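In order, the protein sequences belong to chains C and W.
Be aware that the first sequence starts at 26, since it is given in our numbering, and climbs by one per residue.
Be aware that the second sequence starts at 309, since it is given in our numbering, and climbs by one per residue.
No lab work stands behind these hints, which were simulated from the structure alone.
Computed from a prediction, not measured in an experiment: that's the story for all the values here.
Each residue gets a CB set at the ideal place from its N, CA and C atoms; glycine is no exception.
A few of these clues could be false.
As the list claims (entries may be wrong) - Computed, partial: chain C to chain W, Cβ under 10 Å:
id : residue
1  : G54
2  : H68
3  : L69
4  : S77
5  : Q107
6  : W108
7  : D110
8  : T111
9  : F115
10 : Y124
11 : L126
12 : F128
13 : G131
14 : T133
Claimed, not checked - Covered, in the sense of this in silico footprint (three residues per stretch, anywhere, with C-beta under 8 Å from a C-beta of chain C), are these stretches of chain W:
id : region
15 : 336-350
16 : 373-381
Claimed, not checked - Derived contacts from chain W toward chain C, CB cut-off under 7 Å, selection only:
id : residue
17 : F353
18 : Y356
19 : N360
20 : S361
21 : V408
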Amino acid sequence: AQSVSQHNHHVILSEAASLELGCNYSYGGTVNLFWYVQYPGQHLQLLLKYFSGDPLVKGIKGFEAEFIKSKFSFNLRKPSVQWSDTAEYFCAVNAPNDYKLSFGAGTTVTVRA
Amino acid sequence: GAGVSQSPSNKVTEKGKDVELRCDPISGHTALYWYRQSLGQGLEFLIYFQGNSAPDKSGLPSDRFSAERTGGSVSTLTIQRTQQEDSAVYLCASSLGGAVTDTQYFGPGTRLTVL
Chain C
26 AQSVSQHNHH VILSEAASLE LGCNYSYGGT VNLFWYVQYP GQHLQLLLKY
76 FSGDPLVKGI KGFEAEFIKS KFSFNLRKPS VQWSDTAEYF CAVNAPNDYK
126 LSFGAGTTVT VRA
Chain W
309 GAGVSQSPSN KVTEKGKDVE LRCDPISGHT ALYWYRQSLG QGLEFLIYFQ
359 GNSAPDKSGL PSDRFSAERT GGSVSTLTIQ RTQQEDSAVY LCASSLGGAV
409 TDTQYFGPGT RLTVL
């Protein structure tokens with residue numbers, strides 16, 4: 026079974042700062058990788074996903090993530106955050122033959138205006 | 309278009325009572341999932357439906373938990389003899405169903421509180 030680690034529990038930063046959230050997974054084979062976001066009072070929605078091809082994936086709202094196979098990592102980045110990026114961010118994985126997602130514990134991001 | 313809907317949005321029950329949680333997936337989505345989000349446990353998978361069949365029930369925590377899906381659409385998650393540790397937000401998601409890389413679209417969840 027896969028497991029997912031998100032090392033940062035809570036990140037606080039100012040507007041225009043750069044953001045990087047770590048995600049590491051443990052699984053020996055090929056995986057599909059996802060970042061989901063949950064804005065306050067809203068439901069989970071997909072930011073981006075990776076399953077093959079270019080390891081640098083661009084998602085919605087200016088987010089991107091880089092898959093580094095040798096490090097079992099899929100870190101999320103945004104060069105310049107806005108107050109509206111305040112949310113909880115979840116990394117998730119599934120194996121190629123498995124529909125269910127395994128989620129990390131989530132990282133709460135607070136952006137101060 | 310309409311997203312995944314869940315009802316009720318909040319449910320408070322007494323220990324030992326049975327509860328039913330409902331999920332209406334996006335129209336045309338053949339795959340449906342239930343997850344649970346609780347403090348200290350994060351988001352956990354419960355069960356997956358493809359059509360009306362449940363090929364993966366591996367996440368159901370005990371035999372008090374069951375789920376069904378009818379008409380390839382609505383799903384109901386039933387928890388019998390609720391316990392305080394069942395308190396959590398129960399999330400439903402659906403996907404088009406053809407591939408494991410399909411995006412799972414989540415509903416707003418049902419917050420269950422067991423007193």
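Structure-based check of each hint:
no., hint, in the structure
1, G54, "violated (13 Å)"
2, H68, "holds (5 Å)"
3, L69, "holds (4 Å)"
4, S77, "holds (9 Å)"
5, Q107, "violated (23 Å)"
6, W108, "violated (23 Å)"
7, D110, "violated (19 Å)"
8, T111, "violated (19 Å)"
9, F115, "holds (7 Å)"
10, Y124, "holds (5 Å)"
11, L126, "holds (7 Å)"
12, F128, "holds (4 Å)"
13, G131, "holds (7 Å)"
14, T133, "violated (13 Å)"
15, 336-350, "holds (count 4)"
16, 373-381, "violated (count 0)"
17, F353, "holds (4 Å)"
18, Y356, "holds (5 Å)"
19, N360, "violated (15 Å)"
20, S361, "violated (12 Å)"
21, V408, "holds (5 Å)"
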